[in-house]
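Asks: Each chain is listed here by its residues.
2 protein chains.
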Amino acid sequence: MFRFPSLVLSHHSRRRHFLLKLFSTTPQPLELPLSHPIYLIWGSNTAVGKTLVSAGLAASSVLSSPTKFIYLKPVQTGFPFDSDSRFVFNKVDQLFLRRKPSITLCASDHVLYASAPAANAVFKSGESENCKLDMSELGLYEEKKLVGEGTGTSELICKTIYAWKEAVSPHLAAERESGSVRDTVVLETLQRCFRNALGVTEDKERSQVLCVVETAGGVASPGPSGSLQCDLYRPFRIPAILVGDGRLGGVSGTISAYESLTLRGYDVVAIVLEDHGLLNEFPLMSYLRNKVPVLVLPPVPKDPSNDLMEWFEDSHDVFSNLKEILLFAYSERSKKLHDMPRKAQDIFWWPFTQHKLVPEGGITLIDSRCGENFAVFKSQKEVITPLFDACASWWTQGPNATLQTELAREMGYAAGRFGHVMFPENVYEPAINCAELLLEGVGKGWASRAYFSDNGSTAIEIALKMAFRKFSVDHGLIPDIHKDKTTERCELMVLALKGSYHGDTLGAMEAQAPSSYTGFLQQPWYTGRGLFLDPPTVFMSKSKWNLSLTEGLLSEILKVDNITFASRDEIFHKGRDKSELATVYSSYISDLLSGYTGFTHVGALILEPVIQASGGMHMVDPLFQRVLVNECRSRKIPVIFDEVFTGFWRLGVETVVELIHCVPDIACFGKLMTGGIIPLAATLATNAVFDSFIGDSKLKALLHGHSYSAHAMGCMAAAKSIQWFKDPCSNPNITAEGRLLRELWDDKLVHQISSLPAVQRVITLGTLFALELEAEGNNAGYGSLYARTLLQNLREDGIFMRPLGNVIYLMSGPCTSPEICSQLLIKLYGRLEEFSGSK
Amino acid sequence: MFRFPSLVLSHHSRRRHFLLKLFSTTPQPLELPLSHPIYLIWGSNTAVGKTLVSAGLAASSVLSSPTKFIYLKPVQTGFPFDSDSRFVFNKVDQLFLRRKPSITLCASDHVLYASAPAANAVFKSGESENCKLDMSELGLYEEKKLVGEGTGTSELICKTIYAWKEAVSPHLAAERESGSVRDTVVLETLQRCFRNALGVTEDKERSQVLCVVETAGGVASPGPSGSLQCDLYRPFRIPAILVGDGRLGGVSGTISAYESLTLRGYDVVAIVLEDHGLLNEFPLMSYLRNKVPVLVLPPVPKDPSNDLMEWFEDSHDVFSNLKEILLFAYSERSKKLHDMPRKAQDIFWWPFTQHKLVPEGGITLIDSRCGENFAVFKSQKEVITPLFDACASWWTQGPNATLQTELAREMGYAAGRFGHVMFPENVYEPAINCAELLLEGVGKGWASRAYFSDNGSTAIEIALKMAFRKFSVDHGLIPDIHKDKTTERCELMVLALKGSYHGDTLGAMEAQAPSSYTGFLQQPWYTGRGLFLDPPTVFMSKSKWNLSLTEGLLSEILKVDNITFASRDEIFHKGRDKSELATVYSSYISDLLSGYTGFTHVGALILEPVIQASGGMHMVDPLFQRVLVNECRSRKIPVIFDEVFTGFWRLGVETVVELIHCVPDIACFGKLMTGGIIPLAATLATNAVFDSFIGDSKLKALLHGHSYSAHAMGCMAAAKSIQWFKDPCSNPNITAEGRLLRELWDDKLVHQISSLPAVQRVITLGTLFALELEAEGNNAGYGSLYARTLLQNLREDGIFMRPLGNVIYLMSGPCTSPEICSQLLIKLYGRLEEFSGSK
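Sequence order for the protein chains is A and B. With this note's numbering, letter number 282 in the first sequence gets 282, and the count goes up by one each step, no holes. With this note's numbering, letter number 800 in the second sequence gets 800, and the count goes up by one each step, no holes.
The hints are simulated quantities; they were obtained by calculation from the structure and are not laboratory data. All C-beta atoms in this analysis are idealised placements derived from N, C-alpha and C, irrespective of residue type, glycine included. Errors might be hidden in some of the hints.
Claimed, not checked - Facing chain B, a subset of chain A residues (Cβ under 7 Å, in silico):
no., residue
1, Leu146
2, Ile432
3, Gly507
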């Protein structure tokens with residue numbers, strides 16, 4: 001999949017060892033084949049008959065027509081006394097002998113790995129049981145060929161992947177006998193089994209192959225690492241068969257198990273349960289509203305000496321029925337997956353997308369997300385494969401797989417407890433928790449009030465209304481509401497930076513400089529009500545951090561023409577306030593502002609602090625922004641920070657206030673605030689701003705709101721995520737001091753990339769790595785398709801990126817490990833080398 | 001609580017019977033006392049020891065200090081052989097005799113209602129067991145006084161509320177022995193028990209009273225009506241103790257049960273489980289991240305002859321610990337509830353709220369929502385009481401309790417499966433399902449494309465951009481993007497109606513006429529880029545439907561001065577197209593539009609079809625709107641319907657297209673679209689509109705998007721709700737034809753209200769009942785506080801309303817029963833009479 005960048009090796013041989021080491025740790029993607037039906041068999045409790053269902057399904061498949069049936073038991077405890085794969089193997093053989101079908105059956109049972117005690121028990125060796133704490137290859141294999149009279153041949157492959165001796169929960173057995181087995185190792189081995197078993201079945205009809213994976217215990221029983229099994233298998237999201245509980249109390253257990261699966265995004269295709277005479281199927285069907293079929297198996301004889309042959313015969317119709325349901329659900333899913341891209345092209349209207357330029361076959365079908373990865377359907381290969389969501393789904397994403405599950409439960413809780421309830425003049429727990437966390441976190445030290453809305457754009461419109469009111473009050477521009485006269489009418493404009501972006505609604509657009517987004521073609525009502533400055537920017541190029549001064553400023557200072565920094569830290573150092581450059585910035589801005597008196601006022605300063613994201617991932621000189629803030633504050637011009645992109649650890653700090661060492665009067669947050677699960681935005685403000693809306697009339701209040709203001713689910717998600725990201729117990733990237741993320745992007749790799757010929761400049765900060773490709777003419781700018789091939793290739797490497805014209809970027813979550821980030825950089829490096837070569 | 005309007009009875013005696021009947025069916029609100037701690041005891045399975053926990057808790061309470069302990073078992077099957085309340089009663093007595101505390105204990109056991117077979121079994125009567133299918137009072141009562149040496153007295157009250165004979169699931173027992181018992185009946189009886197037992201404890205310290213309610217079977221076991229118990233008890237949302245399962249597989253069962261409770265908004269305060277030597281507590285604590293304490297009880301002797309005395313002694317510390325946890329959680333909750341309103345006043349900035357006018361104590365604390373009702377904490381009475389959410393939380397709400405639970409599960413699923421994933425150029429199941437349902441539903445017959453955003457306001461901004469582009473293309477106004485010239489620059493404005501409202505972002509504001517919302521004080525950038533017409537409106541007054549013509553029109557037609565309608569249906573009749581009025585409307589509009597040529601163009605028509613909601617619940621003459629649409633269409637002016645308020649059955653039809661018999665080119669939806677659980681909006685458009693954005697350049701695409709475009713959770717909620725509302729199986733209000741809701745507001749009551757002197761006009765349509773109070777001067781208009789007292793009184797009656805100045809309204813969900821709507825109207829009638837009297 002990933003081709004190692006050979007040039008790196010020859011030209012930079014010192015780096016060879018380092019890169020090789022990183023490369024060797026790059027895990028293979030966990031692909032799930034969809035060429036044939038695969039199902040996970042779950043139990044709503046232990047001992048509800050999962051293995052009977054597996055055996056019944058196996059028999060009804062291989063004994064009725066030429067079929068390949070694959071039974072996998074990834075985790076077996078109590079081995080060798082208990083072996084579900086051997087049970088399936090034996091029962092099907094017995095049923096063959098009983099039924100004497102015309103088919104020939106080749107059956108095998110194979111145990112792949114076992115703990116030392118389990119292995120010793122098999123071979124009856126007297127070795128000490130604690131000799132090694134690891135799983136070792138067991139290679140226990142048995143096969144049979146049972147010849148029928150006809151010509152067809154069926155194949156039954158039974159496999160136990162990991163076996164432990166003690167008949168306890170896998171996490172305990174593993175702890176005691178082998179040490180824990182990591183989840184990814186279990187999944188990788190499982191994937192190998194899929195490949196081995198299904199890879200050679202291309203000649204078979206889809207309906208002639210069926211694979212089931214049987215879990216151990218109940219849906220939320222711990223696996224060998226201690227992860228709950230429903231979490232362990234989640235990356236594959238294999239459709240589920242739930243074996244329910246027909247006993248007294250079994251309705252409850254079955255429903256709860258179903259809900260635990262649902263909460264993790266599994267699709268349950270059928271529920272099967274043993275009849276205990278309690279009619280449990282009826283409340284189940286009623287609960288399921290007939291959307292999931294419920295099948296009832298005859299009572300299982302309790303006499304342990306019973307060979308169950310009669311029972312299997314009695315159950316034959318149920319299993320045939322179940323098999324048909326599974327095949328039908330598989331073909332329906334398959335059909336849906338193949339149809340969806342075409343449908344999407346027919347009925348969606350994607351934002352920021354020229355539909356004419358979306359190539360045939362260029363639509364990505366996302367079957368699910370697990371933490372930072374999409375699970376994407378590839379129709380040619382008929383697999384579901386992970387792609388790292390390196391655009392963080394428009395910069396919203398933060399959760400790893402664990403947080404995603406936690407958030408799912410919180411979302412269920414919030415919906416179950418509140419749904420949505422009215423906000424104004426009311427209070428409810430999630431809203432108060434969220435507001436407190438905002439004020440103690442990103443608003444710490446300056447903000448006193450939280451105003452909620454739905455997205456960054458609305459948060460900005462609210463911020464502008466706040467700022468203008470505050471300015472008007474401070475500068476005596478408030479009209480008399482009782483007279484309703486506009487005699488004192490004046491023009492208010494914003495002070496903003498060129499290249500900034502604050503959202504797509506008209507008010508937010510008016511606060512940004514003219515660009516591709518603002519022309520008559522896009523928004524005929526745009527006029528651009530701002531004084532727009534061209535800010536100085538900083539970036540890394542050829543391994544050096546540079547300052548790029550804009551022309552206006554350059555002409556003023558003359559003497560300085562090439563400023564570089566020893567490190568990124570130097571750029572953010574507060575000591576720069578005393579530099580000559582600070583004085584130059586200050587007088588430049590001061591001159592500019594003194595020009596606005598009379599009818600037209602600069603009523604607000606609005607900034608994206610440090611990084612202008614949509615404008616092309618530009619890092620603005622933080623000193624310049626700090627000077628700007630100070631100059632405005634001294635003139636009583638309210639200051640707005642647009643932290644929609646930058647907030648909540650996107651740049652390695654919870655709020656960029658930590659980086660630029662000055663506070664706003666108003667700040668806007670969105671995107672990552674909810675962890676990236678649901679829209680919610682907040683505009684924070686000082687009490688001084690709030691006070692400018694206080695009065696005796698409702699008409700003086702801020703009359704701006706959206707239907708779902710401070711909706712419970714959003715506030716709950718935000719409260720959870722805010723705490724999760726900043727807590728070192730849940731976020732391993734939080735440094736000891738708790739105010740910074742550790743460095744995620746390998747410094748050496750970053751320097752190396754910045755030195756590639758194809759790369760014009762590089763920016764890294766927090767979760768962001770961005771670079772601008774060298775490009776000229778039509779290849780540069782927002783409309784450019786220049787990066788397309790590069791990104792298509794990176795998609796082959798398992799990275800999903802989206803360009804901003806000739807600017808591309810990688811974005812991790814706040815909890816993503818630096819190792820994963822390095823893997824991304826290495827792949828990018830390789831493709832950039834290739835890209836440079838092709839130009 | 002509700003005082004019956006006596007005047008109605010005397011003045012309108014014919015209505016007496018009707019009103020009395022309605023009154024008699026008005027249920028008492030289900031209030032939950034918070035004066036003392038109450039807990040629900042749940043089992044993660046049957047036979048995990050719920051009753052042992054109850055008994056242990058009871059003993060550790062009443063035997064250690066003077067305490068009142070109330071044990072309630074609402075549902076008991078297997079009676080009289082099994083009686084959990086008798087078990088608790090007996091065990092505590094036995095423990096008293098063993099421990100000989102210095103306290104005196106008064107203990108009682110009381111069985112309130114029993115099925116005939118259960119009663120017969122108690123009294124050993126030979127009556128036929130099927131003699132009556134109902135629960136009857138049993139009145140089985142037993143009490144004991146056990147005198148200790150000290151002076152203190154403890155009280156143990158054990159109660160079984162409903163008992164059945166057969167030891168099966170309650171729904172089966174009820175079906176066979178008594179007929180089902182309705183959920184509300186169970187809850188009302190339970191509430192009576194709370195009142196009786198807690199009402200006389202005012203002298204006791206809070207920590208000296210503890211009440212537990214023990215459920216039957218597992219958390220999702222069916223109750224006597226067939227509802228799952230976790231749903232049955234949900235309206236009270238009593239904090240939970242979960243008795244976990246210490247056996248093999250018990251980790252899974254306990255976690256799943258916990259998740260089922262969480263999914264319904266319960267707070268689990270502690271988990272207790274019996275030790276089976278499997279260390280199940282460790283994976284549980286790891287899963288719970290130590291946020292819920294897990295307590296482990298010693299193994300219970302399995303010998304049925306064991307009297308468990310030793311076991312209770314061994315468990316003593318665990319139960320003391322549990323009791324402390326419960327008391328602490330109670331006082332924490334209590335503290336939080338009392339603190340929240342003050343905190344809210346300190347840190348929230350509510351939209352549309354003059355904070356200075358929020359009275360001390362005027363903040364509503366919403367503890368939860370269950371279907372159409374808020375559960376509100378009343379600090380003086382220390383109760384949680386239901387309030388009907390008659391403002392539908394800013395017109396967003398649709399779910400009944402069943403749909404809320406369904407949505408909660410869907411939200412968990414969507415978050416677990418997707419979280420949020422990038423939309424442009426991608427496809428995923430919830431988005432495609434939602435888009436299909438939109439186009440087949442509200443967009444049927446005209447729309448071909450779905451554009452997603454976050455709220456009504458953004459949907460409108462998108463719609464305007466679409467309309468202007470379409471208009472510009474059709475009228476040759478497109479500038480050449482390659483030349484980037486603005487030589488052909490022209491002004492585009494909208495045609496809109498006065499009193500309309502389309503949202504609070506600037507673009508949406510520009511499309512509405514000047515109002516309180518648009519002045520310099522609120523939005524200095526507002527200019528009002530529209531041609532705003534004063535539309536004719538219709539309303540009921542003194543029992544008659546009237547048409548109110550605006551002056552401009554009136555002067556043109558002269559002859560007609562007072563148009564009335566026989567019924568509301570007549571207003572919507574398509575036949576009116578042939579009326580003289582239609583011709584008058586048409587020529588009026590035609591004249592107006594012919595005035596716009598040259599530099600300034602009318603580039604779009606934007607309408608709230610039929611009802612202008614925020615503008616004061618005005619019903620615009622549908623004929624006028626239809627004529628307007630036709631006139632614009634004939635001039636190739638794109639037509640936008642703002643259905644954010646009106647869509648999805650708010651007005652009794654899925655889309656107002658059904659009512660006004662004409663289609664738009666673009667329409668906006670939001671609010672009720674997701675069932676009211678989460679923000680999502682959609683702008684639908686024809687393919688002709690879509691095509692005006694197709695070209696070779698990305699810059700020609702619609703460059704407007706929000707981070708969470710088409711977020712999976714919103715699309716999932718919308719898909720579920722859209723289907724739920726229109727399906728007669730889930731929505732009993734859908735008429736047979738499937739295109740209309742049945743009439744929810746009792747016609748006679750509506751007429752009667754419209755005749756009250758305090759009432760100026762009335763509007764009813766679909767889920768909306770609105771009226772304007774007669775008011776003059778400062779009492780009229782949006783800023784008015786005129787209705788405040790009236791609404792405060794209605795809150796005492798259990799109805800939560802919000803005024804629009806002197807306009808007030810009731811709003812139900814699409815599934816709310818007409819009976820509930822009538823109860824609301826009766827209460828409103830009573831208060832309006834009172835209000836008229838006081839003026």
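Asks: Given a cut of 7 Å on the nearest C-beta pair, is the interface hint for Ile432 (chain A) held or broken against chain B?
Replies: This hint holds: Ile432 (chain A) lies near chain B, its Cβ roughly 6 Å from the closest one there, short of 7 Å.
Asks: Hint check: is the beta carbon of Leu146 (chain A) less than 7 Å from a beta carbon of chain B?
Replies: It is violated, given that the least Cβ distance between Leu146 (chain A) and chain B is near 35 Å, above 7 Å.
Asks: Using 7 Å as the Cβ threshold, decide whether Gly507 (chain A) counts as touching chain B.
Replies: holds, 3 Å
The earlier numbered hint that this structure contradicts is number 1, and it is the only one.
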